[in-house]
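*Asks:* Spelled out from the first residue to the last, the chains are:
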Amino acid sequence: MSQSLQAVTGQEYKYGFVTDIESDSVAAGLSEDTIRFISLKKGEPEWLLAWRLKAYRHWLTMTEPAWADVHYERPDFQKIVYYSAPKPKVAKYASMDEVDPELKRTFEKLGVPLNEQAALAGVAVDVVFDSVSVATTYKAKLAEVGIIFCSFSEAVREHPELVKKYLGSVVPFSDNFYAALNSAVFTDGSFVFIPKGVTCPMDLSTYFRINNKDSGQFERTLIVAEEGASVSYLEGCTAPQFDTNQLHAAVVELVALDDASIKYSTVQNWYAGDKNGLGGIFNFVTKRGLCKGRNSKISWTQVETGSAITWKYPSCVLIGDGSIGEFYSVALTNHKQQADTGTKMIHIGRNTKSTIISKGISAGESSNSYRGLVKVMPKADGARNFSQCDSMLIGANCSANTFPYLEVQNRTAKVEHEATTSKIGEEQLFYFQQRGIPSEEAISMIINGFCKDVFRELPMEFAVEATKLLSLKLEGSVG
Amino acid sequence: MLSIRNLTAEVNGKEVLRGINLEVKAGEVHAIMGPNGSGKSTLGKVIAGHPAYMVTGGEIRYEGKDLFELEADARARAGIFLGFQHPIEVPGVSNAQFLRLAYNKQAEANGREELDPLEFDDYIREKIAVVGMRPEFLDRSLNEGFSGGEKKRNEILQMAVLMPKLAILDELDSGLDVDALRIVGEAVNGMKSKDRAILLVTHYQRLLDHIPAERIHVLSGGRIVKTGGPELALEIEKNGYDWINAEVGA
Amino acid sequence: MTPDTGTASDCSLVPDLLPAQAEGWDSLRAAAREALARQELPTKRDEDWKYCDLAELRRAAFRPAAPASVDIRDRILPEARGTRLVFVNGRFDPHHSCTSALPQGLRLLPLHAASEAATRLGSLLKPAESDFFANLNTAAFADGAYVFVPKSVKAEAPLHLLFITVGEDGGGGEGIPSTQPRILVEVERNASAELIEEYAGSSPAFTNVAVEILVHEGAELRHERIQREAPEAIHISNLRAEVAKDGRYHSRTVSFGAKLSRQTPQVRLTGPGAEASLDGLALLNGDQVSDTHSVLDHTQPHGSSRQLHKCIVDDQAHAIFNGRIFVRHGAQQTDAQQQCRTLLLSDSARVDAKPQLEIDADDVKCAHGAAVGALDPEELFYLQSRGLNAAAARNLLTYGFASDLLAHIPVASLRRSLRQQVMARTNAADLVETP
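If you read the sequences in order, they're chains A, B and C. The working numbering runs 15 ahead of the 1-based position in the first sequence. The working numbering runs 18 ahead of the 1-based position in the second sequence. The working numbering runs 63 ahead of the 1-based position in the third sequence.
Keep in mind the hints are simulated off the structure, nothing from the lab. Careful, some of the hints might be misleading.
As the list claims (entries may be wrong) - So the derived label-pair ranges between C-beta atoms look like this:
1. B:Met181 with A:Glu442: 18 to 28 Å
2. C:Glu442 with A:Glu442: 21 to 31 Å
3. A:Glu176 with C:Glu110: 39 to 49 Å
4. B:Asn30 with C:Arg183: 33 to 43 Å
Glycine is no exception: its CB is placed at the ideal position from the N, C-alpha and C atoms.
Turn these sequences into a full structure, and let the hints guide you.
*Replies:* So, in structure tokens, the structure goes:
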């Protein structure tokens, strides 16, 4: 690899600062007592504690999955801090002015538009810091049209009937090892409810950050769009730089009723570890959407650039006739990162459609796998799927894998998968340079071209951010 | 315009140029000919600054300046254009995007006004007519899925857009049928001017039927072994390269 | 088929089929026995057998097939009249075999007579690295074929290996008659040959094949593999091939028969510039299950591979395709293309396809695709607009889908017979001329 290639991938992690805030934590370790403590701390009703304990007991019977193409040291679940809240100086924030200034500075460093700029940008933000939601903006404005956008804890307090109805209805606690763990110990997250016929007037957004060295982040997000409702939701993730691994095991559940649509976009930039693979986040996440109603639509868009290990398959269960599932993904890995990501599209209803566009970029000594399932059940007449999974390789020491699973049990279904590979190397860059275009711009142009089918699904400001992030992440790798 | 003295270069530790001397003045058309493996494509890449080729000795002066002080992209912006024998395919990046970026980079470097997409669209439409391309080409990914002939036309389109001072065209005729060669030849001839020099790199004389060159240089074993007028190319066409090697004792 | 709920140890394959003392190849067989002692019949919990139900093998009792007499007239390929080995119920049949037309130095003989094969046999299907079925074959095979094409020899006539399983003389006994054919092929430097490996049967049987192929530098082997076992048969086949520098290995597997068939071809390109293709066609109806688990392994630069796998699935049949392509670190300039296409013809037909690319080199050209669907309505309409009724249009398109893959079979008589079989299966016999 020549020098300019090297120069592009060696970028330092920009968000690797620790915020100095007193935090209110439970001792490390997991037991029924930990769970009771979390539940008590959050003032939860009896039924939720019971649900958590059921999940915990089930988790105890499960074994940690061993994934074929992912290699890492198993987390020690007794060393994780399961509850770490920034200790508020005021018990509850009445407005943004009361938020700890140090915390606000953190968000400014993160580029979170919490202040007046947020108003101009028209983004309502919920911020989850370590495990606890600290502020939700625009709540009142959204409430006028009947939209509920709040922290998960608040939803448990204010709207228990909704939480009880939908919690675990898409991802049951028994779903997998990390979903069970999350169900037992989740501390906060976001809750969105869009009532019948309402189109959410602005993009909703949550920023997640892990700040405590030993804490895990186990947030839980639940979004329900009733008949004819629609919403676009964005999440961003960062974490400071530590040389130990931290666990992030989130669960996201989406429910779309008749004619509803949910668009869920993620820019994930958790700390990836250093160039030798020391430290970084283990990002083991379960995300699933239920297209329950007729003609409902769930669309996942993700830009995955961070984490030492990413293991996530945002999925769509297409139950309603005519429902649509989409998955647009860019996953970039560098140095020793490992990403195993993709989707599951389960076609159950008639005339259901799914589209999968996955772009994997591997550099350094990283490994980047697409793993996706398209399953057409016997009753899913007229089901359609199209998948395009492309890999781009930068340097001779990385890997790119494509593992599509096509399971079709209906003859009227049409399922198509295509995958290709391309590269950025010396010859590609020289061609650009020979036309007067410097390497950095050439890389950015090639990457953008490669990812454009995904980027155009992102809200505008996210797309700009994603482009910058990818170029930053690759700085030093191409040449 | 271009002055090369005692140029030696190697790639992967293998010496490929062994003392090249060449003078090209503005307004001239030269042709570098030679058998396969003679180093003629290498010469173009070294002038353009390909990073895989290491210059081990000698000098190249371009408009009086030391070319080795410039990176490949800076050389391009200074007006050196290399038409590739095998143009690179870049999925996802449209031809139009690429051309506009290249144009604006050059404009920026030379103090000319950059063009926005609409202005550029007007500009490019004139140019594509010259090389006989359809406008749809602009929206396709750069060289992706292009036939050999389409790729070569696209190289000439880029040349027409960038209007270089020194154009080095490597095996322009390969992959072109007779009609395409005629169109491309006319396009190149149309770009000739007293301020512009063209260096054709070719194995066969047939390209010179379409783009006449006043000086012919025969490259063999990394050296220019013979230089002459247009008649030299015709002689090569008739008798091949062996007689020259025999003559110079190579 | 009933779900596979039994445990692996219910299986009686090993005790039923492993002879107390197998003949020859002692140390190799000992190693296979040792490996087998630690292995069990795979279950659906094994990722590689996830979609393939071996319950039939678990419940049944087996025994080596007894001798039988056959008439092979219909199966003779005129092109291979003097280059043919025939095995009946697992035994070499000298009466029907004929090797009168072999080129100088080319060896085509039953394995029991090929002592020179000793150093090569088991070199690709090493017991320590092989699966249950391959090891069962190594430990228990009775006979098989040895093919050796010496340096620079170009074998013009195709070499035909015909394995037939038929009702036994005297009616046999309890348990499923079983055969375990073993094949070793070596094509030396710059040699070339065309090999036809055919399984035919008319009675229920369990066939467990193991094939090893060495293609040396600059050599070429074209390999047609035909499986037309009886509808009640179970056919398992393991194949390993290694292709050296600039060598070429081109294979095509056509499966018609057996209620359960499993093909595990694994081809490794061990030298630069090697080339391989691995095509497959499976025509399935009734309760048939056909499972192909292939590997194309690029370990050196400048290699190329092509794979086209097609399945036509009718009734309650089930097709499985799992095709892995590896491009190892350093295998630059590899060009690997893989396609899997499946046509589902009935409401209960099913396919599970998993094409996989695993790439550890950056300067490569790799693509794969998989498509599952019904016949194209546009194409159907086109044919109907030319006067064909709906059924005829469907049958013709189905025939075309399959026949396409047979077009390049160089042995005319074989191509014709396969096309006829495809026509019969797709009810297209009265629609197209006999090719």
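*Asks:* For each hint, tell me whether it holds in the structure or not.
*Replies:* Checked hints:
A C-beta distance of roughly 25 Å is found between Met181 of chain B and Glu442 of chain A, which places it inside the suggested range of 18 to 28 Å. Restraint check, Glu442 of chain C to Glu442 of chain A: a C-beta distance of roughly 41 Å breaks the suggested window 21 to 31 Å. One distance hint, 39 to 49 Å for the beta-carbon pair Glu176 of chain A and Glu110 of chain C, holds here, with the actual separation near 43 Å. For the pair Asn30 of chain B and Arg183 of chain C, the beta carbons lie near 38 Å from each other, so the given range of 33 to 43 Å is met.
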